[in-house]
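Given the coordinates of chain C, work out where chain W should sit on it, guided by the hints.
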Amino acid sequence: MATQTTYGARDHARAQEGARAEAMPVVPARDWPEPPCEADRLVWAETVAGGNYTHRMLARGTELRLTDPRGDACAHLLLYAADRPWERLNVADTVKVQWNAYLGEGQLLLSDQGRVLASVVADGSGRHDALCGTSTLARNTGRYGDGTPQGPSPAGRELFKLAAAKNGLQPRDLPPSLSFFQGVEVREDGVLDFTGSAGPGAHVTLRAEQDVTVLIANVPHPCDPRPEYVSTPLEVLAWRAEATRPGDPLWDATPEGRRAFLNTVEFLAARGLA
Amino acid sequence: MKAAAPVKTVVPARAAWSAVVRAGETLTITDLHGNQAVDFLVYDAQDTSVRYSAPDTVHAQGGIFLTTGSVLMSNEYTPLMTVVADDVGRHDTVGGACSKESNTLRYGHHTWSQHACVDNFLAEGAKYGLGKRDLVSNINWYMNVPVEKDGTLGIVDGLSAPGLSLTLRAERDVLVLVSNCPQINNPCNGFEPTAVEMTITGAGERGATA
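Protein sequences appear in the order of chains C and W.
Take 1 as the starting number for the first sequence in the numbering used here and just add one per residue.
Take 1 as the starting number for the second sequence in the numbering used here and just add one per residue.
None of these hints come from the bench; they were simulated from the model.
Every residue, glycine too, gets a C-beta built ideally from N, C-alpha and C.
One thing to keep in mind: the hints can contain errors.
Footprint (simulated), chain C over chain W, 3 or more residues, beta carbon under 8 Å [unchecked claim]:
(1) 52 to 58
(2) 85 to 96
(3) 105 to 113
(4) 132 to 140
(5) 151 to 164
(6) 175 to 189
Computed spacing ranges between beta-carbons, pair by pair [said to hold, decoys possible]:
(7) Asp47/W to Arg258/C: 36 to 44 Å
(8) His12/C to Ala23/W: 36 to 44 Å
(9) Lys132/W to Gly199/C: 49 to 57 Å
Next up, chain C with everything else stripped away, as it sits in the complex (with noise of 0.2 Å):
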């Protein structure tokens, strides 16, 4: 097609229209192939490249299923308060407050402010990681020659800059991150023992009792022994459904998360949203 006039040139891009990649999003996202609830309660569908990164707000009550396809990926993961970033996912509180170190169902992602951002409705992995969060330019360019947002091997922290940035946020609004999808476990005396990933398959779904902002990173765990960078997409689901409410298992599942639920609803009584 020729692209030497402005009419050939938009007609050349026009004409891309349909183009289907294996990582892209999928707009409307009712039009996802196989949605795993009614289509048309479906609000984000997308399938992350290896090595990129996403991000959306999403309302409170809207359920986030990432899966792990091929076995390979891994969702670095940072939550913020919708349009009041001060108040975000704070990991030590998250695993000091609910008395244990590793991600699980069940387990309520907590702010720095005493309340629920998410919580994480369904595992079917088993595979997390609260402590190690995730790699860093420096570390990428020790490891695989190169750990820069446009090369072969991005770091994630370069990655959750970009997504950052696009939010109105910068490098120093970047706390530590959680990774699901690849593992690790405690021994006795604090050393660390990468467990991986659970096999193709895996899925984890989370669920917002906030508004909130998800930035993904999908990059290879910074605990990854393999010499080469190997990251595999990763897919979004998120679809419109119910807060945990006063009733729910989830409620009263632990002292800690019905106080961290009372204050998450106090506070959204107060400014007229729930």
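Same frame as chain C, now just chain W:
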């Protein structure tokens, strides 16, 4: 050149403290009365967006406890300080700071009026233009946080004793923020916060930097 005498400061129970420690200088933290948790954050003094990173530190040394030889890494995977001496053998990277907010979850809403480490960090950090967004998971010197096989984790009785200390060497010019933890609801301070001592020793006096 004759080196300056070490600068000693006693940080009272519950109080905050901060200092710039120059490359090659050392900071010694002495647990004067024993079993006192010392919450600690460290920043590159020239660029405070480069700051202590618990996950990078944990990853760099392959474990969650700090002791002699542990290097405190930044979020850009660069060394900020190194533990060069330690009488205790185990310090915490996981538990982070107490806050009025997290206290309501951990113990109940009756604790809301109690002073907490995050307030100390906010007040002390504000002197350098640092705000809430600059607070990240911190080190808890002298705090004992074991992890069981099933992942259960908690703050238990400390391993420290009166007069024990640890020493950190600055690998670049760093800004250190300390909250001498005011927590009274768990064993991190033996339920009774006490004073600690900070000693900055000049590079010259200790010889060449490593």
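Comparing the hints with the structure gives:
1. 52 to 58: holds (count 5)
2. 85 to 96: holds (count 4)
3. 105 to 113: holds (count 4)
4. 132 to 140: holds (count 7)
5. 151 to 164: holds (count 5)
6. 175 to 189: With 0 residues closer than 8 Å to chain C, the segment 175 to 189 of chain W misses the three-residue bar; violated.
7. Asp47/W to Arg258/C: 36 to 44 Å: holds (42 Å)
8. His12/C to Ala23/W: 36 to 44 Å: violated (57 Å)
9. Lys132/W to Gly199/C: 49 to 57 Å: The hinted range 49 to 57 Å is violated for Lys132/W and Gly199/C, with Cβ atoms some 40 Å apart.
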